[in-house]
Structure formats: structure tokens, C-alpha cells
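Asker: Sequence lines, in order, name chains A and B.
Under our numbering, think of the first position of the first sequence as 1, with each following residue one higher.
Under our numbering, think of the first position of the second sequence as 1, with each following residue one higher.
Hints were generated in silico from the structure; no laboratory data involved.
Heads up, the beta-carbon is just placed ideally off N, CA and C, and yes, glycines get one too.
There could be a bad hint or two in this list.
As the list claims (entries may be wrong) - Beta-carbon label-pair distances, calculated as ranges:
#: 1; chain 1: A; residue 1: R87; chain 2: B; residue 2: R463; range: 31 to 39 Å
#: 2; chain 1: A; residue 1: R31; chain 2: B; residue 2: E213; range: 47 to 55 Å
#: 3; chain 1: A; residue 1: R123; chain 2: B; residue 2: P746; range: 57 to 65 Å
#: 4; chain 1: B; residue 1: P746; chain 2: A; residue 2: R31; range: 54 to 62 Å
#: 5; chain 1: A; residue 1: R31; chain 2: B; residue 2: R46; range: 53 to 61 Å
#: 6; chain 1: A; residue 1: D83; chain 2: B; residue 2: P673; range: 55 to 63 Å
#: 7; chain 1: B; residue 1: D176; chain 2: A; residue 2: R123; range: 53 to 61 Å
#: 8; chain 1: A; residue 1: G70; chain 2: B; residue 2: T740; range: 32 to 40 Å
#: 9; chain 1: B; residue 1: P673; chain 2: A; residue 2: R31; range: 55 to 63 Å
As the list claims (entries may be wrong) - Some but not every residue of chain B turned toward chain A, in silico, with C-beta under 10 Å:
#: 10; residue: E478
#: 11; residue: P554
#: 12; residue: D625
#: 13; residue: V628
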Amino acid sequence: MTERISATINGEPFTGEVPAEELLLDFLRDRLGLTGAKQSCEVQVCGVCTVLVDGDPVSSCCYLAADVDGRQVETIEGLAGTDFHRRAADAFMRHAAVQCGFCTAGMLLTAKALAARGTGGDRDGIAAAMSGNLCRCTGYVSILDSLTELLGGQP
Amino acid sequence: MNAVGQSVERADGRLKLSGQAEYTGDLRQPGMLYGAVLHSPVAHARIASVGARAAEAADGVVAVLTAADLTDIDPYYGHALRDRPVVALGKVRFLGEPVAVVAAESQAAADAAVTLIDVAYDELPIAASLETALAPDAPLVHEKRARPGSAHGLGDLPDADGNTCYSYSFRRGDTDRAFAGAAVVVEGEYTFPAVYQYSMETHTTIAHWHGGELTLWSSCQHPFLVRQEIAALFGLPLDQVRIIVPFLGGGFGSKSYTKMEPLTAAIARKAGRPVRILNAVHESMITTRRHGMTARMRTAAAADGTLLGRECQAWLDTGAYADNGPRVTATAGDAAPGPYRWQALDVQAHCVYTNTSPSGSYRAFGATHLQWIAESQLDEVARRLDIDRLEIRRQNLLRPGEEVRPGGKPLDADLVGDVEKAASAIGWSEPPARSAARKRRGRGVSVGLLAAGAHPVSMATVRMGPDGSVTVLNGTTELGQGARTVMAQIAAGVLHAPVGKVVVRGTDTRYTPYDRSTGASRSTTVAGLAVQRAAQDVLNSLLETAAAKLEAPPQLLTPVEGAIRDAGGRTMTHAELVRARFGFDGGELIGHGRVQPEGGSGSYAEGPVFWEVCVAGAEIEVDLDTGVVTVLRTSTVADVGKAINPQLVARQDEGATLQGLGNALFEEMHFAPDGMLLNDTLLSYRIPAFRDVPAAMRCSIVENGDGPGPFGAKGCGEGALAAVPAAVVNALADAGVPMTTLPLTPERVWRRIRELKIS
């Protein structure tokens, strides 16, 4: 069974049939070739598949593609090139907060949602809000430094 | 400014930040099929029959691989022991072992077809734990001794004894005398859990046969060793097996040696089309893990704190196949004495088969297993003799140049200085802060050594084009540690080239020169030395051309940023020199660098290449009512000789610290008596998250220029993982709760508090 969806993916309209059971992650990676979102835990714990749906971070590994009908989806490919991404990337580079890079896209997209919500620059608050994104390389300190710097000036 | 010693930006950082970095799972080969593995539902059984017809007839299925397809090859692999078949042959040895593989047009079709394969098992008694596997009447996981693999590096392997597939032991001095003369003897039994490395990218491999040659794209740390094993399996010359390594989403040892490559190559051979196998997390968890261990240790000391003797017996659970277990076992044995002077030692470490998933390498293996035990006994000696715990280390620690083990590399680090730094960073000399009611604080430090560098064979090629751009070809895998950045810095540093002009590519064994492996903290030291030599080779060519063109004596020429200058101040840029040499806008300079064993075989016994320092401090608070241990601050010491990129060095220690806290506090794989892994998802197996970062984490970088690598460098990145759990255990004992089992879960700590009647 397929479902017809109309959605906006990274600012571009998409209209087409998707299998009813297709996961948003597979839809993005296999159908659209947007491979910036990664697959890992498949149970909404690790955050490497995070994308934004109507601005909210979701685990695309547990979200049906059919459910983005009428919504806006933003992936790292869409975020790249925006002013937020430039500032975030500069902060991450300054603090060497990228190592293997597998978690990086998810981190940036969650951070974008935090910025949009106006979550302040309190370090503990950021750490709590980012608890759905895991990283096995960095020890988190450099990511926290980057995000505190990035989100610190926000109301 | 010379690139060496600078925290230059990561070469791959912006690519990764934009989502454009390609990992194996992001690749699509034309005509690629999707593989799904049938895993054994039982831990130990004879395979009576395998029926694949229904699966073969299912929609979208192109091929089904079973043991029957392996009759024309030598189906066993294993770099230490060739004990592992591509798929189970005759019997299964662990719950989850691959029995068959389906290749289909879609992942969904492959996943569906796998359920149609009909396997009949005749179940056998199960030895799913060390205790059952070591019992006198234990079922044998392997009835026959496997052949040695091609890269065990452990000399003559002793005969197997029951389920013990390898033993490592050494004795020095007379332990009976040492213990008889002791003022204090500390002894105990200890348990270390099985732990999952959890690189966020799971094992992923694509195989493609074309014209009799095999190409593999794989998330592997050691492509050249994988090539060797695959070539041996399929009877191919090395140059007909090509391994291409995209970016890795972490490794930590889990992608060392051969993992999913044989299975993927075998199903692709049958399907006649490219096939990808991308593990789910629960599949990667049974592909490799850290060895669980039980150990006994005794330590004897004189009344003045002088260490006299130590005995240690350790049993490491390698699961159903050896993988890197023998090396892990030997390294664990070597970690038992710690870096101290002893009159007598008696150490035995055993690698034991069980009917559980195979164990292999995980960052700081062996040292992580033993250091917390050895260091907790040293603290207990100090407590009983009323000696300061830092002082007893000063008193007994080896000094630079002293023998660590007979015939091996002497100590090449200032451990006293290192541990003093770790202690001072957690406020060792300050009075302890007051804790809240029903909470207690404690501090601990730990010191250890890890035999690092593996076998010292690495090659590199550096190419400079007529525009002055530089390409480094070296087989080190970029798995997040920053190898491509560091190699670029080394080449740039030698050539005095702007680091932005140097590009380091990923490995393609068809073109990239040989490098043994990416592990054992060896890349900066060993592969980096090859890169340094290759760059020097190019620099020599530049100097030669400059001497001819500037008509200047070579000794009066100086490399300056992007150019060579003579004594009179005339310069020629790199681009001008390359073009001048070849007489037109073309040609290239190619430099070769080689590292091989110097004055010896390079064997494990004669090594290591260097001793990696494992030093940390920790301050904790324990809640007496709940058993919750909160780590307040940690300190680590990256004793790296020379930090090529200080920021990347600090990241290594920070990452290892968090993994160390996970290993110490909550990470543990639970196997049921029937061999089933009970917590095989991230819902039930927790790794450290943002909230687990201690309030203060301090990494001190020590640069004594005492490493054998480029510019006096030596490797780092593993030591902190061995040292942090030990420091945490010692801090908890300092707070009054000595523990002999990891991880330090609240329940376990709470029970111990009750047992000791602490109030």
C-alpha cells in the first residue's frame, strides 16, 4: 500500500507516492539521496537520524514518511548554507567538536530547534536539552562549548 | 608558521558538518543488492539441515548463501586463530551466529526472505559463561585446535586446553619468598563485564566481484589485514582484492581486523552482483565486544611501602571465536604488574572460548581490564601501611630507562611527573570539600602502561605537483581521531608547506601504500613517521633542484613557508621548483617513507614501539542511601612526547574519559545462561550522554619529546580509558566503599554499602 504525500523538503516541494510503511529515514536516504541523516540505534535513543519536521527535531528512524504529508522537513543538506549553519559550523570547528562526524548532523539540527525555541545559553540547560543526541567520540565537552557559545547570546 | 604543534582546523570538519562526508552506508554501487543475515537462535547446536528453497523463490531474492556454497574455498578466517567459518559449518557456537545470508533487490525483500530459511538444529550443552566453560566437564566450543592466523604476532602458540584457546604467562623472581617476607598482603577476586564499543556507525560492507577480482568498500580499521585474510579465504593474489575505506563513524577497536567482509564477499560472489550488508546495532553487538573477565590478584609489600611481589590469574571470555582475544589476553597479562619495581611476579592470563558472541579489540584493551584491579590493591596497601597513596607511587614507580619487562622496551615516560599532574588537577593536596549528609566524597589516582604501536610496519607516499599542492597517501583509517589532519600537519611541517595545500585521502589498497593497522595508538607514531620520511624525501628533491637552479651549496639552503631560500635571500617556491625540475608545467615529486622494525623482529615480546601512559585522577561523591556514584572531576594526562595538534590530543582524552566513565559506572552486556544477549539495544544498553559529563574534566598534555614518532611524538587516546575507571574505583574506596566488580551500578554499590554497614 502506498500513500500520496505533499511535503516541503529543504524548501523544495515534493509530491509523490510513498509506501505506507516506509520510514522517513529510508525515504530521505534511499529515495531522495539525502544521506546526511544516519542510521544507528533505530530506537530513538542516539539521535543520529534527527531531522526537523515543522521545526521540531524527530528521530526519522521511527517516523513514517507518510506522516510528513503537509509538513516541512529540514535535513542537514537544507540547513547547510544557512546563516545558522555557518555560525554553528564555525563554533564546532573552533572547538574541534567534530570527530567521526556520524552524530554531527543530528547535533546541529537539534541545536537549530533549540535556537528557534529561544533556549538560553545555560550550559546545564543545553546539556539537558541535547540528551537525545549521543556522541561516542568527543566526550561532549567540545560540543557543549560550541553550543554554549552558539546559543549563549540567544534570549 | 609551521603546522606541527598547532591546533589547526580538522581537514574533514566542514565536510562532516555539512553532511557531505561519505560513509560506507551512504554509497550505492550500480546493481547493488541488499543483504540480510540469518542468525542462529541457539547458542550451541549441530546443524542437521538448512533448507533455502523457499527463500530462494521469494520475491526479489537473487541469492541465498549457505555453508553448501563454501566447498570450493578454505572457509576459515581469523588473524589470531583461523577458527571462524564464513557462515556456521556443521555447528553453531553462539546465539546469533550467521548461518545463511540472503541477497535481494531491497532490504525489505532480504529481511522477509531470511525468515523463510528452514534450519534444523540438534542442540548441544551450552557454556555461556567463564564458569561453565572452565568446568571440568564443560562442553567444548571447538573440538579441534584451529590453525594459527597470519597476524597473531605472539610467537609459538601453546596447545589448547579444553576451552582455553590461548594462555600467556610470565614469572620473575621467587614469589613465595616475596610473600613470606611481606608486612602486608592484599588479595581479592574481581569481575569485569563484557562491554560494547558502540561506534555509532555499525559495521557496513559492500562487496563487488568483477572479472575475477573483488572490491570491498568497508568500515574497517585495518584494510591491509582484511585484504590479506580475504585473499587467503578466496585463494586470490593480494592485488586482486581491493579494499576502499570511506569515512568511519567511529571504531574504537570494533572495526579492527576482519568482521563482515567474508560474509559480504561470499554472498556477492554467489549473487554475481554487488551486495551490501549494513548491520543493525543488535547485529554489531554480536559481531564484536570487549572481553568480560574474572581475575584473582595478590600483592605483597614491605612495611616501608616497598612493593615485593604480585600474583595474578585472569580469565578472559573471548566468546565463540578468538578474534583478537589472544592479544587482548597477553596485553592484560602485561598490565597486571603495573609500572612498578617488583622482586617477584607470577602472572597467568587465559583466553577462554564460551558460547557467546565473539570478543575482540576495544580501546585500551587489557590495560582497562587489569589497571583498576592492580591500582586498587596498591591503594589498599597504602591504606594498611598508612602511607599517602601518591607517595607510595612515587616510591615504587619505574623511572625512565628502567626495564618494564625483560627484553622489551625500557620505560620511555616520566610517570612520577604524570601522576603528580593528575593528582594536582583534582586538588589532591587541598582538604576535601564537605559533602552533604548521607553522602561521602573520595579521590583517587591511577597509573598504568599500555603496550602500544602494534607491529611497526607502515609506508607512505607524498606527492607534490607542479602547482605546489601535496597529496599524502597513507593507509591510516580516519575513524574520527583526526588522522588525516595530523598526517597533513606532519607533511606540511617537514615541507614548510601551508597545511591547506596538503590533502590526505582515504585508503584504497590498490593505490595506497601498506600500513599494518589503525589501532594500538600507533598512527601518529608509526604511520606518521612514514609520512615524515616521505615528506623529507620530497624536501630533499626540492633542495636538490634549488641547489642546481640557484647555484647554491645545499647546506646554505633553508626551507621557508612554501619555498626554498638561499643565503642571499633568493627564493624559489615549491611550484617553481617542481616546474624547473621537469622543464615544463608538469611532472611531480614523489617521496617514499618506510617504517620497519629497527634492530629486531618487531615482535610483541621485543616491543612495544612505545609505552602508552595511562594516568588519571578522579573525585567522586557516593550517595549512601542510593548507591549512586557521581563523578565530580576527572583529570587525565596525555603524555604524548610532542602534540602535533594539541586540540585533537585533548579530544582524545575527553572521549576516552567518557568511555572510561561508561565502563566504570554502567556499561555491561548481560548474557543469559542460554547465551542470549539480553540488552541488545540502546534502550537497555546505555552509553554516556551529555548529562554524564563531570563538572570538571581536565586534560594535561605532557610534551617531553621522548616518543619514537615524528618530532618526538608518541601516541595517545587509549590510556585515559584504562586509567579513568581505576581512578574512579580508587576514589570510591577512598570514600569508604571498596569494590571488586564493575560496573559500579547504584544497586551494586548500595549492596556493598549495606554489606560493609556504612552509615
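Asker: With reference to the structure, classify each hint as holding or not holding.
Answerer: Okay, the hints, checked on the actual structure:
{"no.": "1", "hint": "A:R87 / B:R463: 31 to 39 Å", "in the structure": "holds, 36 Å"}
{"no.": "2", "hint": "A:R31 / B:E213: 47 to 55 Å", "in the structure": "violated, 32 Å"}
{"no.": "3", "hint": "A:R123 / B:P746: 57 to 65 Å", "in the structure": "violated, 25 Å"}
{"no.": "4", "hint": "B:P746 / A:R31: 54 to 62 Å", "in the structure": "violated, 45 Å"}
{"no.": "5", "hint": "A:R31 / B:R46: 53 to 61 Å", "in the structure": "violated, 44 Å"}
{"no.": "6", "hint": "A:D83 / B:P673: 55 to 63 Å", "in the structure": "holds, 58 Å"}
{"no.": "7", "hint": "B:D176 / A:R123: 53 to 61 Å", "in the structure": "holds, 56 Å"}
{"no.": "8", "hint": "A:G70 / B:T740: 32 to 40 Å", "in the structure": "violated, 59 Å"}
{"no.": "9", "hint": "B:P673 / A:R31: 55 to 63 Å", "in the structure": "violated, 45 Å"}
{"no.": "10", "hint": "E478", "in the structure": "holds, 8 Å"}
{"no.": "11", "hint": "P554", "in the structure": "violated, 39 Å"}
{"no.": "12", "hint": "D625", "in the structure": "violated, 24 Å"}
{"no.": "13", "hint": "V628", "in the structure": "violated, 17 Å"}
In summary, the structure is inconsistent with hints 2, 3, 4, 5, 8, 9, 11, 12, 13 from the numbered list given earlier, while agreeing with the others.
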